[in-house]
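Engineer: Respectively, the protein sequence lines represent chains A and B. Going by our numbering, the first sequence opens with residue 11, and the numbers climb by one from there. Going by our numbering, the second sequence opens with residue 10, and the numbers climb by one from there.
Since the hints were derived computationally from the structure, they do not count as laboratory data. Quick caveat, the model's predicted, so the values are computed rather than measured. Any given hint could turn out to be false.
[Said to hold, decoys possible] Covered stretches of chain B (in silico footprint by chain A; criterion: 3 or more residues with CB under 8 Å from a CB of chain A, positions within the stretch not fixed):
hint: 1; stretch: 22 to 29
hint: 2; stretch: 33 to 43
hint: 3; stretch: 87 to 94
hint: 4; stretch: 116 to 126
[As the list claims (entries may be wrong)] A few chain B positions that, by computed beta-carbon distances, are all more than 10 Å from chain A:
hint: 5; residue: Pro15
hint: 6; residue: Phe111
hint: 7; residue: Gln158
hint: 8; residue: Leu168
hint: 9; residue: Ala196
Where a beta carbon is used, it is the ideal one built from N, C-alpha and C, also for glycine.
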Amino acid sequence: MSSDEQSFRLILEMIPGLVYTMAPSGELEFCSQQILDFHGKTLEELRDWAPLVHPDDLDQIAEFRRCVATEELVDLVLRGRRHDGVYRWLHSRALPLKRDGQIVRWYGLMTDITELKQAEERLRRSEAFLLEAQRLSQCGSWGFDAATGKVMGSPEMLRIAGVQPYEDPSSVEFWFARVHPEERERVRAVFGKAARELTEYRAEYRLVLPDGTVRHLLSSGHPLVNARGELVEFVGTSIDATEQWQRRQDLQRAFEALRTTEARLSQAMQVATVGELAASIAHEVNQPLAAVVANAHACLRWLSAQPPHLTNAREAAERIVRDGKDAGDVVRRVRSLFQRVEPERVSLDLSEVIGEVLRLIERELERRQVTVETHLDDTLPRVMADRVELQQLALNLFRNALDAMDAVSGRPRMLFIRARRQDDEFALVEVRDTGSGMKVPERAFEAFFTTKEGGMGMGLAICRSIVEAHDGKIWVAPGDESGTSICFTIPLVVAT
Amino acid sequence: MSSDAPIVFIVDDDSRVREALSGLLASLGMRAAAFGSASEFLAFEKPDAPACLVLDLQLPDLSGLELQEELASVPAPPIVFITAHGDIRSSVRAMKAGAVEFLSKPFGEEELLRAIEAAIALDRETRAKRSELAELQKNYGRLTPRERQVLPFVVGGFLNKQTADDLGISEVTIGVHRSQIMRKMVARSLAELVRMADKMGIRPHGSTTK
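All chains, please: the whole structure from these sequences, using the hints.
Structural biologist: Right, dumping it as structure tokens:
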């Protein structure tokens, strides 16, 4: 070995790299100690290095042979087995040194690029993740470059906006043109302000795609500034919230439907309660009454026996007294039940309440073939009343009117409802039907007075108690030969 | 009061109604027994007499309609429903399920009596049918297996000879069976035996449909 060569090798050993030389045939001649240490092999052992190459990278061995044969630059990327059995990514380059056109020796340098490879892989993956995440969340990202005035959108952003291959989405105008015309100027103003004042940007708007599809977008962004506080880039994201918007719409509709149903139900319940209450009062009264009647019969029997059985007759009579009192108690309890309820007075639109009640009996009107005519004064001030009680009042009067017209034939069944201002304090409501008229109008509001078969005689009595609890008046208006007209007054909201 | 005198059962949870109805029936000289609930009535050992059940629709344990349903599967007195509610749906159900009458409280004496009398008359009829059938079945129980085999041929109008051929026994033996059947069933004529068989649901031999 010449001293030249010795000093050369010395230099190689000192380079902190994996250096090697090969004979013109490609046979390994020399390896730096680092290479020997890396693989944990002797030079002799390394002469046959093919077994150290990862099975997936065997093509690199063929490439190596080709390069040697054609005397080209050897440039390989492959995984080689380290002394501990771990494969590391290696980049191996070897240059041929030629003298008079003949290869004298190959000089090679090997670099462990595992970290680099991993970083590359990580980057590739995170980019893929980002794309995937954007696709899945239907969230696109964008950037506005202040220097060039150009816009850059992520693939998902382009997809959301329905950007066609022939379109150039790099101008700001392109993006504003996509915004729904009704919202374009607003979005432009909001974005302009954020870019000018370097503040957060947030906007909700619709995009109209070339095919007419409308998408609901939720955009937000923030400015990136340089050391001098100048805008460099404005970056942000836009979420395609069409589905959420749609769902929110559906939900809102469902919610509204629910509220309507609920309101109707609660009204129906109140109506049902009146019916149930009547039934339960009937039951409570009928029980002792049944006993009274049976005892009275028994009493008569004992008295008319020959000879009269006075002891038994007296017992029966005593039971009559007791049970009769019971029935009276029931009636007293019912009355106190009604008196306890304090109306809760609020400001109400009379027309609205009448409308609500009419809706409630819509089907009944249809079934009974009754036409409703309303004359509700638009300028009527609001009234002060308990909503439920006012509804009950209206419902009772309307139902009464319908009942009165059941027998009507040969003339139209009409229900007239008029509401107007009576004076400074009261509104006047008139409910008129084209029924058979009242036989005994002066007793109309007496409790338990009824001319209806199966009637309780409670309806108009309840109406009167409601009206009077509101300091109003109720009366049967004198009038037509056919039909009944009932009027009541209800206080107006006092102007302050 | 003989044990055969009719009895009126009253089931009502209201003691006032129970007292009044018991008192009324007593003034009419009728036997009555009153109960405050369905279970008290069910637990009561009923005398063997024509009866009627005056039943309130609203009871604390079983409702009147439920009790009616329960009683449908056993021999039980006809029902007169009474109610202070008088809702139409329940009354329709009760009448469909065989109630004799449905009275709304308060009701008059005549209404109640008419219903009770109709119910008791119905029960008498049912009881008579029931006891007649019991008698028939007792008599039928005394027949030998061979006689039971011969009975459908007799009521089917078959001659002894035909019957003998069909069953593979002698004509004389059939004649003996025949007279034993008539004697044991206490039938005075063939026509009567035919009616008896019909009541017991025994089909004449050779009849295809019933």
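Engineer: Which earlier hints can't be squared with this structure?
Structural biologist: none
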